[in-house]
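Listed in order, the protein sequences are those of chains B and Y.
Start counting the first sequence at 1; every next residue gets the next number (my numbering).
Start counting the second sequence at 1; every next residue gets the next number (my numbering).
Hint data in this document are derived by calculation from the structure and do not stem from the laboratory.
Just so it is clear, CB atoms sit at the ideal spot from N, CA and C, and this is done for glycine as well.
Each hint should be verified, as a subset may be incorrect.
Said to hold, decoys possible - Which stretches of chain Y does chain B cover? Using the computed rule of at least three CB atoms under 8 Å from a CB of chain B, they are:
hint, stretch
1, 86–100
2, 104–116
3, 252–259
4, 262–276
Unchecked claim - Looking from chain Y toward chain B, a few residues come up when the C-beta cut is under 8 Å (computed):
hint, residue
5, Phe224
6, Thr242
7, Glu248
8, Val249
Said to hold, decoys possible - Across the chosen pairs, the derived CB separations fall in these ranges:
hint, chain 1, residue 1, chain 2, residue 2, range
9, Y, Pro157, B, Arg268, 25 to 35 Å
10, Y, Pro67, B, Arg200, 51 to 61 Å
11, Y, Pro157, B, Gly23, 48 to 58 Å
12, B, Gly23, Y, Pro307, 53 to 63 Å
2 protein chains.
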Amino acid sequence: MRAVVLDRELRLRPDHPDPAPAGGESIVRVTLAGICGTDLELGRGYMSFRGVPGHEFVGWVESSGDPALRGRRVVGEINASCGRCSFCAGGHERHCPNRTVLGIAGRDGAFADFLRLPDRNLHPLPAAIADDAAVFVEPIAAAYEILAQLWPRHDRPILVLGDGRLGALVAMVLSCEQFEVVVAGHHPEKLARLSALGLRTLLESQLDGTFGLVVDCTGDPRGFRRALDLTLPRGTLVLKSTAAASGEVNLAPVVVNEVTVVGSRCGRFEPALAALAAGKIDPCPLISAVYPLDEFAAAFRAASTPPNFKVLLRIS
Amino acid sequence: MRAVVLDRELRLRPDHPDPAPAGGESIVRVTLAGICGTDLELGRGYMSFRGVPGHEFVGWVESSGDPALRGRRVVGEINASCGRCSFCAGGHERHCPNRTVLGIAGRDGAFADFLRLPDRNLHPLPAAIADDAAVFVEPIAAAYEILAQLWPRHDRPILVLGDGRLGALVAMVLSCEQFEVVVAGHHPEKLARLSALGLRTLLESQLDGTFGLVVDCTGDPRGFRRALDLTLPRGTLVLKSTAAASGEVNLAPVVVNEVTVVGSRCGRFEPALAALAAGKIDPCPLISAVYPLDEFAAAFRAASTPPNFKVLLRIS
Numbered sequence: 001m002r003a004v005v006l007d008r009e010l011r012l013r014p015d016h017p018d019p020a021p022a023g024g025e026s027i028v029r030v031t032l033a034g035i036c037g038t039d040l041e042l043g044r045g046y047m048s049f050r051g052v053p054g055h056e057f058v059g060w061v062e063s064s065g066d067p068a069l070r071g072r073r074v075v076g077e078i079n080a081s082c083g084r085c086s087f088c089a090g091g092h093e094r095h096c097p098n099r100t101v102l103g104i105a106g107r108d109g110a111f112a113d114f115l116r117l118p119d120r121n122l123h124p125l126p127a128a129i130a131d132d133a134a135v136f137v138e139p140i141a142a143a144y145e146i147l148a149q150l151w152p153r154h155d156r157p158i159l160v161l162g163d164g165r166l167g168a169l170v171a172m173v174l175s176c177e178q179f180e181v182v183v184a185g186h187h188p189e190k191l192a193r194l195s196a197l198g199l200r201t202l203l204e205s206q207l208d209g210t211f212g213l214v215v216d217c218t219g220d221p222r223g224f225r226r227a228l229d230l231t232l233p234r235g236t237l238v239l240k241s242t243a244a245a246s247g248e249v250n251l252a253p254v255v256v257n258e259v260t261v262v263g264s265r266c267g268r269f270e271p272a273l274a275a276l277a278a279g280k281i282d283p284c285p286l287i288s289a290v291y292p293l294d295e296f297a298a299a300f301r302a303a304s305t306p307p308n309f310k311v312l313l314r315i316s
Numbered sequence: 001m002r003a004v005v006l007d008r009e010l011r012l013r014p015d016h017p018d019p020a021p022a023g024g025e026s027i028v029r030v031t032l033a034g035i036c037g038t039d040l041e042l043g044r045g046y047m048s049f050r051g052v053p054g055h056e057f058v059g060w061v062e063s064s065g066d067p068a069l070r071g072r073r074v075v076g077e078i079n080a081s082c083g084r085c086s087f088c089a090g091g092h093e094r095h096c097p098n099r100t101v102l103g104i105a106g107r108d109g110a111f112a113d114f115l116r117l118p119d120r121n122l123h124p125l126p127a128a129i130a131d132d133a134a135v136f137v138e139p140i141a142a143a144y145e146i147l148a149q150l151w152p153r154h155d156r157p158i159l160v161l162g163d164g165r166l167g168a169l170v171a172m173v174l175s176c177e178q179f180e181v182v183v184a185g186h187h188p189e190k191l192a193r194l195s196a197l198g199l200r201t202l203l204e205s206q207l208d209g210t211f212g213l214v215v216d217c218t219g220d221p222r223g224f225r226r227a228l229d230l231t232l233p234r235g236t237l238v239l240k241s242t243a244a245a246s247g248e249v250n251l252a253p254v255v256v257n258e259v260t261v262v263g264s265r266c267g268r269f270e271p272a273l274a275a276l277a278a279g280k281i282d283p284c285p286l287i288s289a290v291y292p293l294d295e296f297a298a299a300f301r302a303a304s305t306p307p308n309f310k311v312l313l314r315i316s
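Bound-form chain B, shown alone:
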């Protein structure tokens, strides 16, 4: 099969071996895949990943031991857990220490004709969710994870710092759940596009005052420092960026201002699927371009270029 493979660099291999499913795994033919900030970071060394990247996808179940899955259009949770440890037993499969993660850790991902995932990770899609929306289920689920970890006040604005893909989706999710949101970033063109989607936006340099809840979607240690400055004493800062870089961070303000920093990663797919099926959220205006798999290099360049938001790979 064709696959984009990260070794020292990203390359398209026309004859990569097809995935060999383990017991309880299905094979999915990938239709559409999204390029995420994490994919760009993997190329810079994050997680020391080698293999096929890609973890946002929609596709069709090609083969499965589960008759309920065969031939179904699906999306898939990316953490493949052991099902036996105390995390799995406690409902925290996404923190299973024995997990592999699709296209991120120990498991080939979605930038390929086929992928394999455990049957239990796959969610058949209702017809109401088209492919180009379904490819956003994983990052929308990651945005909903914030609301699984804490429940903000509805009467105070939430600051989303970062006007990229992640910031946009976090702002859309919080906004569709009736929270008051301000998105701030450095890119006037991106902010203009988000404003056109009905979001309240501000240039980061225009931010004034502090917020009880700040979500750092900057993907940058400097962003964390700025986010900390913008968090009210006794406030909460959600750290949503899996930035590869470590940086000089002075944590004294966390103590002095008694800030709570909440790390937030992947979420369960159900709330994202429900919001998309109900039409509460429409991520499709965030699609900046769609490239065929063979043009992955141009697609990755586009995904790194503001004011682009989401760049997709059309695989089949």
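Please arrange chain Y on chain B, whose structure you already have, making use of the hints.
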């Protein structure tokens, strides 16, 4: 009056001007004062403080507009707030942006014959609390602040990382509130003394596994990194150190493991006073030495020297 003054270095001034009370402030003649890690850090530039350090004290009210305070033996909350802002109105006086802090920010402290504090900051002491215990009210209140911010599970051990003054008091407070505590540090002699007080201790190198709740009392950015490694996914790390240094910190594990980092600083005095009055906690075994004010330099050296815990200054 005599006062230890931090300018470029710490010096005892025999003729420092007496404090001039503002409206609503009392003058306290200091009996006994404790040297805290923060005092040592102020000397290294933390908070850019200039003036008289010292914020752990017990003394007698020499003059006051409040007849209920005159002649009383007192301890005092160290944050002098404005009483008018939204933080003060919301019961978070300790985060008032207009505050001064005794011996730490904008207000001379306790390493002097006299200090001034707002009347409302002062707590008359019951006879049951002797001076050498009373001088611990402020750091014990800071330890209790953890329990004002979160309520741990009683059925899982809490790791207190750091075997210094702060770690010892945090462990004593959590332990006297029936939580299961392990104190870990680098100093066998300190750990032996804490074991003799009934605390469960471990050399940090012997730590194995992770904890759902870790309290970082190391006062060191490396301590934070180690504490993060020792925190279970989805666990909580309380950051209790006002370390002056910023350091290279990779926050990716906070996101990947969805750790909640809770900054924790000063606490209300009431729980500390109640625990001391009821005999639930006895900090006096932590006193390593008592020096007269005139020997402050030797006292500061002793406070920086393991295996010493608390060093006090006898002022009157």
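To see whether the hints hold, each was checked on the structure:
no.	hint	in the structure
1	86–100	holds (count 4)
2	104–116	violated (count 0)
3	252–259	holds (count 8)
4	262–276	holds (count 4)
5	Phe224	6 Å, holds
6	Thr242	5 Å, holds
7	Glu248	6 Å, holds
8	Val249	5 Å, holds
9	Y:Pro157 - B:Arg268: 25 to 35 Å	29 Å, holds
10	Y:Pro67 - B:Arg200: 51 to 61 Å	54 Å, holds
11	Y:Pro157 - B:Gly23: 48 to 58 Å	37 Å, violated
12	B:Gly23 - Y:Pro307: 53 to 63 Å	56 Å, holds
Violation of the numbered hints given earlier is confined to hints 2 and 11; the remaining hints are satisfied by the structure.
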